[in-house]
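These are the residues of each chain, in order.
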Amino acid sequence: MDALMVLTAALVGTALSCLISVLPALHAYNILGALAVSVYWMEAHGINLPPQIFLPLMAGVIVGWSMLNTIPSILLGAPDESAMFTVLPGQKYLMSGRGFEGTMITGVGGLAGVFFLVFVVGPFAPRFLPVVQSVLRPHMHWILWVIITYILMSEWPKGGNWGPAGLAKFLDAWRSLGAGLATFFLSAFLGFILLYRSPVAVEMAFQNIMPAFVGLFAVPWCLVNLISAARIPPQRMTDSLEINGDLVLRSVGAGGLGGGFAAFFPVITGGIGGLLAGHATAQRNEKVFIMSQGVSKLVYYVGSFMLLFVPGLGLTRGGAAWMMKSVYVPRTSYDYFMILAAIAISGGVSFLLMGPLTRWTIRFIEKVNYRNASSLALGIILVLVWLMTGWGGMAVMLISTGIGLIPVLFGSRRLNCLGVLLLPIACNMSGFGQQVAHWLGLI
Amino acid sequence: MNQASLPGQDSQPQDVTCVECGHFVGALTRCPKCGAPVHKRMSLRALRYAAVLLATVGLGLLYLMVTHREIPLVKIGELKPTMNFAYVRIAGTVSSDARAFREGGKIRSMRFMVDDGSGEISVTAFRAQAQALADADKIPNAGDRIEVAGSLSVTADDDVVMRLQVPEQLTLTRAEAAVTPLEEITGAMVGSSAVIEGTITAVSAPKPQTKQPWVVKISDGTAEKEITFWDDIYAEIPDKVLLMKGTPVRARVSVKTYRDQLQLSLGRANDLEFLGTKQGASMTAGPAAPTVKAAEAAIADITAEMAGQVVRVTGRVAEVNPPKEEKAPHEVILEDGGSKIRVVYWDTVASRLKGNKPMVGALISVRGMVGVYEGQLQLKVNHSDQISLVDVLPEAKAKPVGGTAAIADIKKSDEGKVFTLRGKLGEPKSVRGGVIYPLTEGKASISMVLWDRSVPGDARDQLTSGCTVIVSGEIKVFKDVLEIVPANPQALQMVP
Amino acid sequence: MKGISHFISGVAAASFCPWAVQAAIDGNPLYFILGGACGLMPDTVDFKFYRFFYRHDVYVDPDPENLDPQFIADEIARAVGMAQTSKKPIRIKLNTLRVGTDYWQQYVVKFDPKNQEVLVRFGPVVNTGQVPVPDSTPKEKGIGRAKLPCPIIQTYDATTRVDIFDGPTFAMQASGQGAVELHFLPWHRNWSHSFTVGAVLAAIGWLIWGWQAAVVIFAGFSAHLLEDQLGLMGSNLFFPITKKRFSGLHMMRSGDAIPNFGAVWTCCLLIFWNLYRFSPAIPYHFTFLRLVLYGGVIPMGAYGLVLWLLNRGQPDEKESIELSDEFGDSMTN
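Chains as they are written, first to last, in the numbering used here: chain A, 1 to 443; chain B, 1 to 496; chain C, 1 to 333.
Keep in mind the hints are simulated off the structure, nothing from the lab. All values reported here derive from a predicted model rather than from experimental measurement. Among the clues, some could well be false.
Claimed, not checked - Listed next, with one range per pair, are the computed distances between beta-carbon atoms:
#1 His250(C) <-> Gly35(B): 38 to 46 angstroms
#2 Met300(C) <-> Ala235(B): 37 to 45 angstroms
#3 Ile53(A) <-> Gly77(B): 24 to 32 angstroms
#4 Gly390(A) <-> Gly129(C): 42 to 50 angstroms
#5 Ala235(B) <-> Phe49(C): 24 to 32 angstroms
#6 Glu147(B) <-> Met300(C): 55 to 63 angstroms
#7 Glu120(B) <-> Ile25(C): 32 to 40 angstroms
#8 Phe165(C) <-> Arg111(B): 54 to 62 angstroms
#9 Ile53(A) <-> Pro283(C): 34 to 42 angstroms
#10 Tyr258(B) <-> Pro283(C): 29 to 37 angstroms
The C-beta atom is built at its ideal place from N, Cα and C for all residues, glycine as well.
Work out the full structure: start from the sequences and follow the hints.
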């Protein structure tokens with residue numbers, strides 16, 4: 001009976017993830033937040049859902065979204081090179097008419113990530129991760145600081161490549177770097193405000209950071225799509241992805257490392273983990289790069305959720321785990337194996353759904369202008385933010401949008417937007433966050 | 001190869017290339033090759049300006065808005081799981097005394113409960129915040145009115161905790177607690193706090209190198225009970241010299257049991273208050289206590305009528321007698337100018353004297369309370385810093401002791417003798433290897449020579465022109481000028 | 001090596017200092033930040049500051065609309081001649097050709113000392129990952145060939161690809177024996193990659209934070225310098241006492257994946273070990289050998305074994321890509 005409940009709940013979660021995944025800019029955490037609120041409401045009204053239902057359901061949503069969200073992120077948006085300084089790898093495939101191939105390669109990466117989590121991390125995590133955690137626990141703060149330092153130092157100037165030597169060339173180069181630093185510190189300042197004096201209603205404080213993330217990442221994506229003057233070229237459906245085991249293994253190596261690092265360390269997101277792993281593994285093959293992005297994304301989102309269940313570890317990482325912890329705290333190996341099963345089921349099913357959903361989306365974008373899809377997505381986001389966090393959240397979202405547009409329009413890394421969490425939490429972990437907030441006049 | 005034939009390039013708008021030279025410019029607003037401006041469409045330009053405005057001006061306005069807004073006040077009973085991470089204020093009554101967890105002499109964390117009538121919440125402060133509360137005497141007691149702001153943490157076990165971020169955001173209004181007669185303190189009160197008043201009937205210090213607590217018996221006429229506290233609390237009690245039989249006190253204690261016996265436990269030094277003694281307001285006790293002047297007296301001037309007064313005397317140690325029995329005090333006989341007085345102190349003082357340990361022949365300064373015991377005058381010392389060594393005479397190089405004298409009485413014939421003088425310091429004069437202060441008493445003056453090797457610079461730091469000192473040293477004559485030369489820093493003492 | 005390798009090496013160097021670990025346990029991240037930052041500092045100075053002020057004498061700016069390899073070859077030969085006649089160092093910058101946000105027209109420059117000439121050929125359009133766009137090589141442009149006025153002495157690769165971001169610089173200096181010495185990227189790994197500069201930074205760190213910070217700064221900085229000696233270029237280690245860059249050990253190239261990852265992973269293990277041995281009261285106990293076994297040998301061995309099993313009998317695709325960039329026989333035919 002338990003097994004049937006787990007299977008059903010995982011499938012329902014995966015199906016739910018299909019709905020949210022095809023809409024660009026919607027995040028699994030938005031839906032999980034709504035789910036958590038529903039569970040609280042049910043409990044308040046005497047309806048107690050057993051963990052065999054809501055745990056696999058949540059796992060299904062996260063796994064499915066991690067896998068299927070690749071579809072809109074690659075297919076629903078044409079990079080306008082007159083507006084943007086960087087073209088993302090998946091977008092390169094789209095603009096070459098190979099969007100289907102790029103999406104499916106990323107999906108293969110996601111599936112490989114599921115294998116990695118269930119068959120490699122799963123058996124060994126309870127044995128090794130507690131050891132790693134016990135050594136690293138008092139050092140998390142400086143690891144965060146060191147990562148911040150690397151993120152800021154490793155951004156390379158995009159300009160300054162032409163013209164005679166001198167101040168003009170230097171300033172031309174530092175324009176993009178300056179935009180990067182400005183993005184980081186502006187978002188960090190916003191992060192301090194949200195941590196200590198959030199304008200979001202206290203009743204929804206657990207979603208304090210949601211409007212900021214929506215504004216920093218999702219809304220700029222929609223807006224840039226809306227003003228884009230580029231067209232999506234016709235897409236070719238291929239029967240073969242021309243990948244082999246070597247490519248998959250190398251992708252799992254790079255993506256597993258990046259996603260795993262991000263899942264284990266607090267505050268570090270998949271994007272940062274991917275950056276670090278990408279630099280460390282120095283992969284040049286484009287297919288490996290794209291596939292590893294799929295691995296990294298899945299390992300990060302699902303792995304961080306899974307860490308809460310590892311016996312003897314109980315790490316709370318990622319928004320999903322934080323939301324889930326306020327509803328249920330897993331304690332036993334039963335919970336652990338249940339979640340591994342849910343991940344495996346959902347991973348397999350969502351990969352099987354990738355092909356049909358990708359084809360469907362390609363047919364969709366051939367008929368419907370991607371700008372209209374982005375408008376719809378933007379509308380949904382605005383409504384969701386307003387419903388969850390009110391006008392305070394809307395204000396935060398608006399300002400975050402401004403910050404999030406800077407890297408896109410001025411040629412710096414979008415990763416710098418993560419200053420919203422990185423700097424305030426690094427300060428808190430080192431013990432002087434309150435002092436900084438005091439200096440800023442926030443407390 | 002022309003750009004249009006590159007994958008995806010034919011889907012790009014025209015403004016990716018410079019109209020002047022045809023070079024690829026992408027998102028740039030000026031061609032890097034020929035320098036010509038690149039016109040961008042209005043929507044893109046508007047988005048760029050909007051981004052900069054929102055990110056700067058918008059953020060500034062948001063900052064102003066939130067900093068001019070009150071931290072929301074919430075009712076504890078209305079706290080929901082969705083309020084996790086919220087930064088809020090609560091106002092209510094402290095429902096239990098704060099529990100402080102210490103490590104290495106510092107407070108590591110502190111926890112107390114607050115009830116606002118709609119519910120109860122646990123408030124926690126860690127490390128620096130907890131220590132700051134203790135330093136500011138803001139540790140909440142049961143019954144105190146409190147308003148506190150902090151961040152909420154809600155877990156699945158329905159455990160709602162508030163974490164204090166800034167000590168200044170905790171406002172306490174101390175409760176006026178009614179005094180509980182001692183006879184009414186029974187087992188039913190175990191776990192709660194009470195305010196008691198009474199007179200000390202006995203004080204028992206812990207034996208050295210044991211973990212016994214201090215035990216103070218008090219009586220209020222209805223009953224007699226014992227208050228216990230540990231050495232670290234004792235160390236922080238101001239005016240601890242008043243901690244003796246007969247002193248009226250008020251104390252806030254926790255009612256506990258120990259080996260089936262009721263125990264009144266003093267949690268903090270500030271919870272013990274000495275009542276109604278004038279001297280109590282001006283007592284010095286312990287290094288952290290505020291310094292107050294004790295009357296300077298000669299041994300010969302001390303009489304039984306001065307019982308209860310605190311005085312300071314200086315004299316030579318004539319005898320040092322260890323305790324005769326288990327709870328008896330140490331005894332030192334001080335002599336000055338032919339008069340003697342008995343100085344008594346217990347093991348807790350003796351074990352902490354270290355460099356001030358009285359030795360026969362040493363000149364020491366003692367601050368203590370005058371008392372009479374078994375018909376004999378004595379000075380009672382309650383803390384190790386009430387005894388300080390002024391001068392030590394090494395046995396091997398015993399110098400003739402001239403004793404205490406007035407500066408006017410010192411003559412050249414006293415050269416080689418050791419005297420103890422008192423006077424006011426004049427302006428110092430640096431000499432090679434030291435410094436010379438004129439020491440004046442009335443119209444008489446002598447040079448006090450402080451050599452670097454005997455009284456190093458850091459021992460002289462507190463000396464200032466105009467301050468009064470007692471100095472013990474050998475009398476010398478140099479170029480027909482009388483000098484007194486102390487042999488070590490202990491031979492020089494400032495008089496408050 | 002890549003930036004992350006240098007950075008993590010600096011962090012690893014800091015982890016060997018017990019005071020750094022103790023300070024970290026007490027909540028002070030300073031020493032680790034300094035270690036990492038100084039590990040990356042030499043390249044930061046070069047690539048983010050110095051190169052924008054490095055003056056050039058000749059700028060080669062090919063026209064993307066009119067790809068002419070002969071023009072490039074002639075300009076390079078002219079620069080060599082200028083160096084020979086003026087006896088002063090002549091710096092020539094070969095600019096890149098951007099043809100899209102993600103596309104760059106590649107060209108290849110080869111110095112042939114034996115025949116005393118320089119050859120230039122346009123290659124394919126590549127993306128920012130240096131992956132060629134299929135069928136994008138403009139074969140009809142042929143090879144540009146220019147005779148050099150004097151013999152040349154190579155200090156780096158014979159062949160230089162010019163494709164992404166900032167193009168390379170060559171410094172040409174008359175050697176005194178009638179030849180001209182070629183130095184690749186002369187502004188890189190010069191004064192900024194010397195122990196002297198490391199010592200100066202350490203001295204500044206001492207003044208601000210104390211001797212412990214100075215040790216960490218110097219260790220991180222030196223780790224970078226020592227790693228750079230493994231490559232082709234080396235650096236000018238004792239500037240200003242030494243004037244030229246020492247040649248490297250030629251054991252690797254800066255972008256090679258395996259040495260870079262090896263360095264990063266080894267540093268991670270060393271950091272973990274140092275954190276373990278300098279931290280009090282950890283409930284788990286293991287030896288360094290055990291850490292190396294479980295953290296390095298077993299996972300890397302398993303990965304390598306699976307990779308080998310998957311690649312058995314497969315042609316090496318990586319080599320074919322690199323060979324296609326070589327002139328080989330096609331240049332002389």
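Evaluation of the provided hints:
1. Taken as a hint, the range 38 to 46 angstroms holds for the pair His250(C) and Gly35(B), whose Cβ atoms sit roughly 42 angstroms apart.
2. At roughly 58 angstroms, the beta-carbon separation of Met300(C) and Ala235(B) lies outside the given 37 to 45 angstroms, and the hint is violated.
3. For the hinted restraint 24 to 32 angstroms between Ile53(A) and Gly77(B), the CB-CB distance of approximately 30 angstroms keeps it satisfied.
4. A hinted range of 42 to 50 angstroms holds for the C-beta pair Gly390(A) and Gly129(C), which are about 44 angstroms apart.
5. Against the hinted window of 24 to 32 angstroms, the Cβ-Cβ separation of Ala235(B) and Phe49(C) comes to about 57 angstroms, which falls outside the hint.
6. Here the CB-CB span from Glu147(B) to Met300(C) is close to 59 angstroms, well matched to the stated 55 to 63 angstroms.
7. Distance hint check: the CB atoms of Glu120(B) and Ile25(C) are about 36 angstroms apart, consistent with the given range 32 to 40 angstroms.
8. Between Phe165(C) and Arg111(B) the beta carbon distance is about 57 angstroms. The supplied range of 54 to 62 angstroms therefore holds.
9. Against the hinted window of 34 to 42 angstroms, the Cβ-Cβ separation of Ile53(A) and Pro283(C) comes to about 36 angstroms, which satisfies the hint.
10. A hinted range of 29 to 37 angstroms holds for the C-beta pair Tyr258(B) and Pro283(C), which are about 34 angstroms apart.
Hint violations for this structure: numbers 2 and 5, all remaining hints satisfied.
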